[in-house]
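As given, the protein sequences belong to chains A, B and C, one line each in that order.
The first sequence maps to residues 1 to 497 in this note's numbering.
The second sequence maps to residues 1 to 497 in this note's numbering.
The third sequence maps to residues 1 to 96 in this note's numbering.
One should not assume that every hint holds.
[Said to hold, decoys possible] Covered, in the sense of this in silico footprint (three residues per stretch, anywhere, with C-beta under 8 Å from a C-beta of chain B), are these stretches of chain C:
no.	segment
1	30-40
2	44-51
3	67-81
4	85-93
No wet-lab data here; the hints were simulated from the structure.
Cβ coordinates follow ideal geometry from the N, Cα and C atoms, glycine included.
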Amino acid sequence: MTDTHAWLPPAILLTSLVPGVVIFFLGEQRHVLRTSLNLAGAMAKVILVAMMVWGVFHDRSYAWSVTLLPGLTLTFRADAMAAMFASLSTVLWLVTTIYAVGYLEGSPHRSRFFGFFSLCVTSTMGVALAGNLFTFFVCYELLTASTYPLVVHRGTEKALKGGRTYLAYAMSGGVALMVGMIWLQAIAGPVDFREGGSLAQLAVTHRSSLIAIFTLLIIGLGVKAALVPLHGWLPQAMVAPAPVSALLHAVAVVKAGAFGIVRVVYDVYGVHTADALGVKQALLAVAAFTVVYGSARAVFQDDLKKRLAFSTVSQVSYIVMGVAMVGATSTIGGIVHLVHQGIMKITLFLCAGNLAESLHVHAVSEMDGAGRLMPLTMGAFSVAALGMIGVPPAAGFISKWYLGLGALESGDAWVIGVLAASSLLNAVYFLPILYAAWFREPSAELAAARAAHAAEAPWALLGPPLATAAMTLLAGLFAGSPFSPLSWAALIAAREY
Amino acid sequence: MSDAVLLGAPVLLPLAAAVLAFAGGDRLRRGVTVALCAGLALAAALLAGAAWNRGVITHHVGGWLPPLGILLRADGLAVLMVIMNTAVGIAVSVFAAGYFGGHDEGHAAGPHGRTALFWPVWFMLWGALNALFLSGDVFNLYVTLELVGLSGVALISLAGTKAWPAAMRYLFVSLLASLSYLLGTALLYGQFGVLDLAGLGRAMADVPAARAAAALMFVGLAAKTALVPLHAWLPPAHAGAPAPVSAVLSALVIKGSFYLFLRLWFQVFPVLTPAVLAQAVGLFGSAAILWGSALALRQSRLKMVVAYSTVAQVGYLFLLFPLATGAAASVAPLAIAFHAVSHACAKAAMFMAAGGLMLAYGTDDIRALRGAAVQASAPALAFAIGAMVLIGLPPGGNFTAKWLLLSASIDTGQWWWIPVIAAGTLLASGYLFRVLTVFMESSGSAAPASAPRVSLAAPALVLAVAALLLALAAPAVTGVLERAPAVGLPALAGGPS
Amino acid sequence: MTPALLYGLSGALLVAIGLTGAIASRSLVRRILGFNVLGSGAFVIIIAFARRVAGPVPDPVSHALVLTGIVVTVSATAVALALAVRLGDEEDGRHE
Numbered sequence: 001m002t003d004t005h006a007w008l009p010p011a012i013l014l015t016s017l018v019p020g021v022v023i024f025f026l027g028e029q030r031h032v033l034r035t036s037l038n039l040a041g042a043m044a045k046v047i048l049v050a051m052m053v054w055g056v057f058h059d060r061s062y063a064w065s066v067t068l069l070p071g072l073t074l075t076f077r078a079d080a081m082a083a084m085f086a087s088l089s090t091v092l093w094l095v096t097t098i099y100a101v102g103y104l105e106g107s108p109h110r111s112r113f114f115g116f117f118s119l120c121v122t123s124t125m126g127v128a129l130a131g132n133l134f135t136f137f138v139c140y141e142l143l144t145a146s147t148y149p150l151v152v153h154r155g156t157e158k159a160l161k162g163g164r165t166y167l168a169y170a171m172s173g174g175v176a177l178m179v180g181m182i183w184l185q186a187i188a189g190p191v192d193f194r195e196g197g198s199l200a201q202l203a204v205t206h207r208s209s210l211i212a213i214f215t216l217l218i219i220g221l222g223v224k225a226a227l228v229p230l231h232g233w234l235p236q237a238m239v240a241p242a243p244v245s246a247l248l249h250a251v252a253v254v255k256a257g258a259f260g261i262v263r264v265v266y267d268v269y270g271v272h273t274a275d276a277l278g279v280k281q282a283l284l285a286v287a288a289f290t291v292v293y294g295s296a297r298a299v300f301q302d303d304l305k306k307r308l309a310f311s312t313v314s315q316v317s318y319i320v321m322g323v324a325m326v327g328a329t330s331t332i333g334g335i336v337h338l339v340h341q342g343i344m345k346i347t348l349f350l351c352a353g354n355l356a357e358s359l360h361v362h363a364v365s366e367m368d369g370a371g372r373l374m375p376l377t378m379g380a381f382s383v384a385a386l387g388m389i390g391v392p393p394a395a396g397f398i399s400k401w402y403l404g405l406g407a408l409e410s411g412d413a414w415v416i417g418v419l420a421a422s423s424l425l426n427a428v429y430f431l432p433i434l435y436a437a438w439f440r441e442p443s444a445e446l447a448a449a450r451a452a453h454a455a456e457a458p459w460a461l462l463g464p465p466l467a468t469a470a471m472t473l474l475a476g477l478f479a480g481s482p483f484s485p486l487s488w489a490a491l492i493a494a495r496e497y
Numbered sequence: 001m002s003d004a005v006l007l008g009a010p011v012l013l014p015l016a017a018a019v020l021a022f023a024g025g026d027r028l029r030r031g032v033t034v035a036l037c038a039g040l041a042l043a044a045a046l047l048a049g050a051a052w053n054r055g056v057i058t059h060h061v062g063g064w065l066p067p068l069g070i071l072l073r074a075d076g077l078a079v080l081m082v083i084m085n086t087a088v089g090i091a092v093s094v095f096a097a098g099y100f101g102g103h104d105e106g107h108a109a110g111p112h113g114r115t116a117l118f119w120p121v122w123f124m125l126w127g128a129l130n131a132l133f134l135s136g137d138v139f140n141l142y143v144t145l146e147l148v149g150l151s152g153v154a155l156i157s158l159a160g161t162k163a164w165p166a167a168m169r170y171l172f173v174s175l176l177a178s179l180s181y182l183l184g185t186a187l188l189y190g191q192f193g194v195l196d197l198a199g200l201g202r203a204m205a206d207v208p209a210a211r212a213a214a215a216l217m218f219v220g221l222a223a224k225t226a227l228v229p230l231h232a233w234l235p236p237a238h239a240g241a242p243a244p245v246s247a248v249l250s251a252l253v254i255k256g257s258f259y260l261f262l263r264l265w266f267q268v269f270p271v272l273t274p275a276v277l278a279q280a281v282g283l284f285g286s287a288a289i290l291w292g293s294a295l296a297l298r299q300s301r302l303k304m305v306v307a308y309s310t311v312a313q314v315g316y317l318f319l320l321f322p323l324a325t326g327a328a329a330s331v332a333p334l335a336i337a338f339h340a341v342s343h344a345c346a347k348a349a350m351f352m353a354a355g356g357l358m359l360a361y362g363t364d365d366i367r368a369l370r371g372a373a374v375q376a377s378a379p380a381l382a383f384a385i386g387a388m389v390l391i392g393l394p395p396g397g398n399f400t401a402k403w404l405l406l407s408a409s410i411d412t413g414q415w416w417w418i419p420v421i422a423a424g425t426l427l428a429s430g431y432l433f434r435v436l437t438v439f440m441e442s443s444g445s446a447a448p449a450s451a452p453r454v455s456l457a458a459p460a461l462v463l464a465v466a467a468l469l470l471a472l473a474a475p476a477v478t479g480v481l482e483r484a485p486a487v488g489l490p491a492l493a494g495g496p497s
Numbered sequence: 001m002t003p004a005l006l007y008g009l010s011g012a013l014l015v016a017i018g019l020t021g022a023i024a025s026r027s028l029v030r031r032i033l034g035f036n037v038l039g040s041g042a043f044v045i046i047i048a049f050a051r052r053v054a055g056p057v058p059d060p061v062s063h064a065l066v067l068t069g070i071v072v073t074v075s076a077t078a079v080a081l082a083l084a085v086r087l088g089d090e091e092d093g094r095h096e
């Protein structure tokens, strides 16, 4: 069966791979060429992904594969889940690229940075478009390799230490994932991602093996998805420059882990098989614990980026919770939160970067009166924060609503308690920030900063968070329309069940 | 193209070049090197093409039949080894031309100085290795083993006074091992009256003479391959040798004796190798992985880290023997091919990069190389890519080999090798990222004494990237192995046996 | 005791002597000598096997092997001695 559109997935990968490789060889001074390459690649990717989304919506298939060895086939396929993750990554990559160009203005080693930046996005696209576990694993490991130089970009003692921690976790996770994957392949043959899963037969005969494999896979994926207790690297990786943090949390690394968990539960094991094996309940428990633990730790962090990091730890597990409950509604809630959390979190991180750059504000305790000085930035921050808490009509409310409904539907009503507790904690760690920024008088340092120079961030740094904040509102307000994340998630859930 | 030319060219061309290089002056030497590289590339391509089309190629030199005559035989595995030899050899030659041309580690390079002697001896080694890979009878293999060993010793001692004790030790180990092998050959000939590998395989029986021969030959070859605990000669040899020599030693010379071990195990002695012995060999391999990695973690010189890494990587090769049984029997030729070729390319790249760094910074103490990622980015990048390949990043050849080994472990139920392979991966990332972290350090880095030359880094980069993309060449590798299957080596699934 | 057996046993004895010398000696030259004796022992064993062929003419292959082997051993000895001389010079130089 030849697929006339088989060129699309590799083309999407190439739009960031080629600029990435070229940028490595550019001299530091060629910033015009470098920026043009970056933006051209990002635009091209947006166009191609839009084509792909349109096609998937109309039930067209895009698949490209090459067999390396018996049992080792690289397959890139665009199904509904792939389309969703790919579009999230593409749009947010464009946003982050614009931001990064402005943020790193004048800092050293930009060619190296943007080279690895592009490789990181290529790997993320590969993760999104992977059609089987092997391809997923290859791109997952390439993601680790391309993000490490980004984390240690500044080269300081702290950066290197953060990078070491990141590596230790990521490599261990990679080994667990590899062993689990090979074991599964030994029992079940090459594992393609198929909606509904493909292991129903084997669940009867190889029950304990499948449970052990599931555990290994989740450990491997849970490192990137920051499931407790595998989350330790995330707060440490905050030493990276703001665009990198944004990328790690919203677009690439954490999402790749969560996406992997979604794929494993839905497209490898299948919802009902996972339920029958009893692993879903365990996953749900771990995710619920992470949600509460992450929120609780966030309350006690004074460093803004660390607070946001623990918030990510908590929020990503919403996705896992949604996946771990049986029922279409919770599925929708979990999957749509993949997108919503991405948009909201990236807004928060980009604003945090602005605060650090313009006002040298790194800690929550320094944020008094920041809203007066940087109203647009704090405005975007506030929208995203309210979304995180779950205030309508921001996107976060939609996700929590569906998750709550789904909990009732699947009989895990205690999850509602978890959701409520987490929302409460979110309020506890976000509202004081908003209060301090808007309603308190600027501290002496901030006033001096205001006197020193124009406080609001330049447009390159301001546009992106404003855009993503707007997306947060739009995703919530227009959730009912056909191409909203919510409708797409419903489509995925329909195809899954 | 007659078989004699096909099989003889890879052996005779380098020997002729060696004579010319010794007799002639500088300009002749340069011309000879270029001609040799081109000639060998052509010869390897023709040989591969012939094997692809016609299957196994054999030739009795001079028309003399065995056991008196020399049998040359090119099957799939031999062809792959010759290709590996040619590729790495050309890269090392290009590198050495630049390395010795400029400045050679503080020794005066007169017209017949040591650097001038490098070329004839290196060409001899090259030719001897080709002869080893292409030989089909046990005694000629002894001759080629000795040739390889003696050339290797001569190359190591080129570095001058500080390398002589290590060269002497290597010479003793090499001589003892060769003589052990010779005794084995004598016993085999006395018992069975044949010398060619295929004939010996057919005639083999479980008699005391054969057992003694097996023991002598295996131990001797293991010593030459630096398998723990017979590895002690390798690190000091690397410590003193110049970078191109180290590259050849770790990448190629060791592969030669391992190749022989493999041939004997599968082709000549299969009736004598019970599972117990295979497990014991695997145990030594595991010890090599763990011990070599542990020692690598403690080294302060870059070249020594890479040298101990070789000791560890050799262990993976020997893990193959317990795993190539039963359901996973077809793993053997594939895993060997991938690991041997990938390790050769990556290791040579790393040594060449280390050499480039040494020239630029004047030392290879790791602490002195801070910030190399920025100031000597070409060699640092080559080193980094090579390191990632060795750690097992997909789609590299080492990753493919690890995958095959892990699959075989599960398929044959020998799950105890899995923790060893996992530990090896993690330890390798430990000792290699330790170096990469120093490269990325930005504070307090002193600029290198002289600017690193890109021409020195280019061959390293090419080899490293080739190793990284090796899995993508898997269909070609499998094809060669299937079309020219090796007698006695387990047939690939689905191929002609 | 046939001549072949006698040769074989002497070969084994030479191997043993050579091995001991190669491993246990202190001086470099003695060790090289040990290797030579070891090699010679192996060759004698091969020659001994020449007699296993029936008929008046001994097996030529064994002799061919030994001839090749002698050449290889000579080269190896040359390399070893060259290194040993240089190492010896080094030591003398240091003690001077």
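Status of each hint after checking the structure:
1. 30-40: Holds: 4 residues of the segment 30-40 of chain C have a Cβ under 8 Å from chain B.
2. 44-51: As far as the segment 44-51 of chain C goes, the hint holds, because 4 residues have Cβ atoms under 8 Å from chain B.
3. 67-81: holds (count 7)
4. 85-93: holds (count 3)
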